[in-house]
Amino acid sequence: PLQPRCRSNPRPPLPAIGRSLTPPQSPDRVYIDDWEKFYDESEKLYVEHPAHTRYTLKYRHTDGKIILKVTNDRVCLQFVTDQATDMKRIEKLNNLFFTYMCGQDPHDAEAETADGAVSKGDRPVSQEEAGSGKKRRGKR
Amino acid sequence: RFSATMVLLDSDGFLTQLTRMLEKSREKGVVYVTMKRYAGPEAKKGGAVDPADCRCLVRAVLGNGKVSTMIAAKDHRRFMKSYANIMKVSLDSLKKKERRRAEKKKAGVA
Numbered sequence: 143p144l145q146p147r148c149r150s151n152p153r154p155p156l157p158a159i160g161r162s163l164t165p166p167q168s169p170d171r172v173y174i175d176d177w178e179k180f181y182d183e184s185e186k187l188y189v190e191h192p193a194h195t196r197y198t199l200k201y202r203h204t205d206g207k208i209i210l211k212v213t214n215d216r217v218c219l220q221f222v223t224d225q226a227t228d229m230k231r232i233e234k235l236n237n238l239f240f241t242y243m244c245g246q247d248p249h250d251a252e253a254e255t256a257d258g259a260v261s262k263g264d265r266p267v268s269q270e271e272a273g274s275g276k277k278r279r280g281k282r
Numbered sequence: 004r005f006s007a008t009m010v011l012l013d014s015d016g017f018l019t020q021l022t023r024m025l026e027k028s029r030e031k032g033v034v035y036v037t038m039k040r041y042a043g044p045e046a047k048k049g050g051a052v053d054p055a056d057c058r059c060l061v062r063a064v065l066g067n068g069k070v071s072t073m074i075a076a077k078d079h080r081r082f083m084k085s086y087a088n089i090m091k092v093s094l095d096s097l098k099k100k101e102r103r104r105a106e107k108k109k110a111g112v113a
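So the protein sequences, as listed, match chains D and X. Residues in the first sequence are numbered from 143 upward in steps of one, following my numbering. Residues in the second sequence are numbered from 4 upward in steps of one, following my numbering.
No lab work stands behind these hints: they were computed from the structure. Possibly wrong hints are sitting among the right ones.
Listed below are the simulated BS3-like cross-link pairs for lysine-lysine, each with C-alpha atoms no more than 30 Å apart in a straight line [stated by the list, open to error]:
#1 Lys77/X with Lys230/D
#2 Lys230/D with Lys99/X
#3 Lys186/D with Lys211/D
#4 Lys27/X with Lys91/X
#5 Lys48/X with Lys98/X
#6 Lys207/D with Lys48/X
What follows is a list of derived Cβ distance ranges for each label pair [said to hold, decoys possible]:
#7 Gln225/D with Arg29/X: 13 to 23 Å
#8 Arg202/D with Ala55/X: 34 to 44 Å
#9 Ser6/X with Lys179/D: 24 to 34 Å
#10 Arg4/X with Arg202/D: 15 to 25 Å
#11 Gly16/X with Arg147/D: 30 to 40 Å
#12 Thr227/D with Ala51/X: 33 to 43 Å
#13 Gln225/D with Arg81/X: 42 to 52 Å
#14 Pro146/D with Pro54/X: 28 to 38 Å
Only part of the chain D face toward chain X is listed, based on derived beta-carbon distances under 7 Å [stated by the list, open to error]:
#15 Pro154
#16 Pro192
#17 Arg196
#18 Tyr197
#19 Lys200
#20 Arg202
#21 Gly206
#22 Gln225
#23 Ala226
#24 Glu233
Treat the numbers as computed from the prediction; the structure is a model and nothing was measured. The C-beta atom is built at its ideal place from N, Cα and C for all residues, glycine as well.
Turn these sequences into a full structure, and let the hints guide you.
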């Protein structure tokens, strides 16, 4: 019979990969005010426990608020916002997690696209790019 | 309208349903979008994780209705762009830069 998980019956600790996470100083659910800190801690949490970490976005249109949660069911990081300016930041976090969760490393992928964008490109090849020495497809 | 049991869709189907959910919840309701890694059946049992088997599980929930999809590395860029567009359009009840405008007005008057 499954016992419900609560403070007196906490989930067992996860096996740590590499360095172990510092346990949270404050109660289990933490609202982080600073975006940069939330972003960094979320990434660290995922890298530490990629199999157990999930990323949730909660949106209630009537409230005009977005609540982000990144948790591995032991540590829970949350971020609330009602500002439209945070949409771009949220997009960046979404992309980070999509890339990680598909098995790629976003930091490697960034380096790749930086090179690839010059040689492939959707725009017509300009005179300067034609002479750059990168591989070109199609006509001169 | 949405099925209470989980419906696994392809990425386009999922994005369509997500858009419907966001539209439906404008008056009332909450939409949850959750992402988690799925590493393949062998990794589930405790085997090594092969990046090629990894999928990103994305789930959208509105009330009882649940839809989900699995994104592989090769379509993830396309999915990311479509998803970002949907979010940009639908999540529009957030506050715009009101404070800056008020400050500029004050500066203009003063």
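Structure versus earlier hints - violations, ascending order = 5, 6, 9, 13 and 15
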